[in-house]
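Protein chains in written order, with the numbering used here: chain A, 58 to 172; chain B, 333 to 448.
Do not rely on the hints blindly, as some may be mistaken.
Below, simulated EDC-like cross-link-like pairs (lysine to aspartate or glutamate); rule was C-alpha separation at most 20 Å, straight line [said to hold, decoys possible]: (1) A:Lys109 <-> B:Glu436; (2) B:Lys376 <-> A:Glu65; (3) A:Lys113 <-> B:Glu436; (4) B:Lys376 <-> B:Glu346.
Examples of chain A residues toward chain B, derived with CB under 7 Å [unchecked claim]: (5) Gly100; (6) Leu101; (7) Leu103; (8) Phe146; (9) Lys159; (10) Phe162; (11) Gly163; (12) Lys164; (13) Gly165.
From chain A, some residues computed to sit far from chain B (all C-beta separations above 10 Å) [unchecked claim]: (14) Thr83; (15) Glu99; (16) Thr122.
Hint data in this document are derived by calculation from the structure and do not stem from the laboratory. Just so you know, even glycine gets a beta-carbon here, dropped at the ideal spot from N, CA and C.
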Amino acid sequence: GDSVTQMEGPVTLSEEAFLTINCTYTATGYPSLFWYVQYPGEGLQLLLKATKADDKGSNKGFEATYRKETTSFHLEKGSVQVSDSAVYFCALSGPLMNRDDKIIFGKGTRLHILP
Amino acid sequence: EAGVAQSPRYKIIEKRQSVAFWCNPISGHATLYWYQQILGQGPKLLIQFQNNGVVDDSQLPKDRFSAERLKGVDSTLKIQPAKLEDSAVYLCASSLALSGSYNEQFFGPGTRLTVL
Chain A
58 GDSVTQMEGP
68 VTLSEEAFLT
78 INCTYTATGY
88 PSLFWYVQYP
98 GEGLQLLLKA
108 TKADDKGSNK
118 GFEATYRKET
128 TSFHLEKGSV
138 QVSDSAVYFC
148 ALSGPLMNRD
158 DKIIFGKGTR
168 LHILP
Chain B
333 EAGVAQSPRY
343 KIIEKRQSVA
353 FWCNPISGHA
363 TLYWYQQILG
373 QGPKLLIQFQ
383 NNGVVDDSQL
393 PKDRFSAERL
403 KGVDSTLKIQ
413 PAKLEDSAVY
423 LCASSLALSG
433 SYNEQFFGPG
443 TRLTVL
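Same shape as in the complex, but just chain A (with noise of 0.2 Å):
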């Protein structure tokens, strides 16, 4: 079945870092693929999201390329900031035409920014 594999945390980062957070997937067909970021004490928000492949989505200084050949969408940023950290969650949902708006979610990576 479908699946999302990402690294595990957490991740810990000093300010301004560079930030990559690896994710793979396996699925049939060709799903549209997500970041979500759920800070503490928060409910889960869309940070960006790719619907085919060689797309980039981006958000917040965030960027994650939708790679069909390699099947992966890594989430980078070029400088984190304290306020970034967070549990990411890589995600993805089924292809428009089939109408299937299922999300299947990785285990999610914390991440912590220190200052």
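Based on these hints, arrange chain B on the given structure of chain A.
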């Protein structure tokens, strides 16, 4: 625009007791989802409603879990009786149900359940 509302935010019960969670989706959102998020894992879909009908409840443990959305707006999720392994955060999400377009899901803050 108001977000997805959930209550209570926290609940502590003993095993074999019953508990209910409430969710009010974003106004106009036809689709409502309940997820279970066990500590250290990603959310897992329990049940999905389209208006007041069930679209997918394949992952819902029906011997103890039930959910309803009688008027197609707010929803309740019930556990009866609770087990220790039900300790988790229960997330509610909602989305528009537009045909042929991407339906972003908006999540509530969740209810953290502890079963002792």
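For each hint, the structure was consulted:
1. A:Lys109 <-> B:Glu436: 16 Å, holds
2. B:Lys376 <-> A:Glu65: Within the cut-off at roughly 18 Å; holds.
3. A:Lys113 <-> B:Glu436: 17 Å, holds
4. B:Lys376 <-> B:Glu346: 23 Å, violated
5. Gly100: Cβ of glycine 100 of chain A sits 4 Å from chain B, so the hint holds.
6. Leu101: 4 Å, holds
7. Leu103: Check passed: Cβ of leucine 103 of chain A comes within 6 Å of chain B, closer than 7 Å.
8. Phe146: 5 Å, holds
9. Lys159: 6 Å, holds
10. Phe162: 3 Å, holds
11. Gly163: This interface hint holds because 5 Å falls under the 7 Å limit.
12. Lys164: It holds, given that the least Cβ distance between lysine 164 of chain A and chain B is near 5 Å, below 7 Å.
13. Gly165: 6 Å, holds
14. Thr83: 15 Å, holds
15. Glu99: 6 Å, violated
16. Thr122: Holds, since 18 Å exceeds 10 Å.
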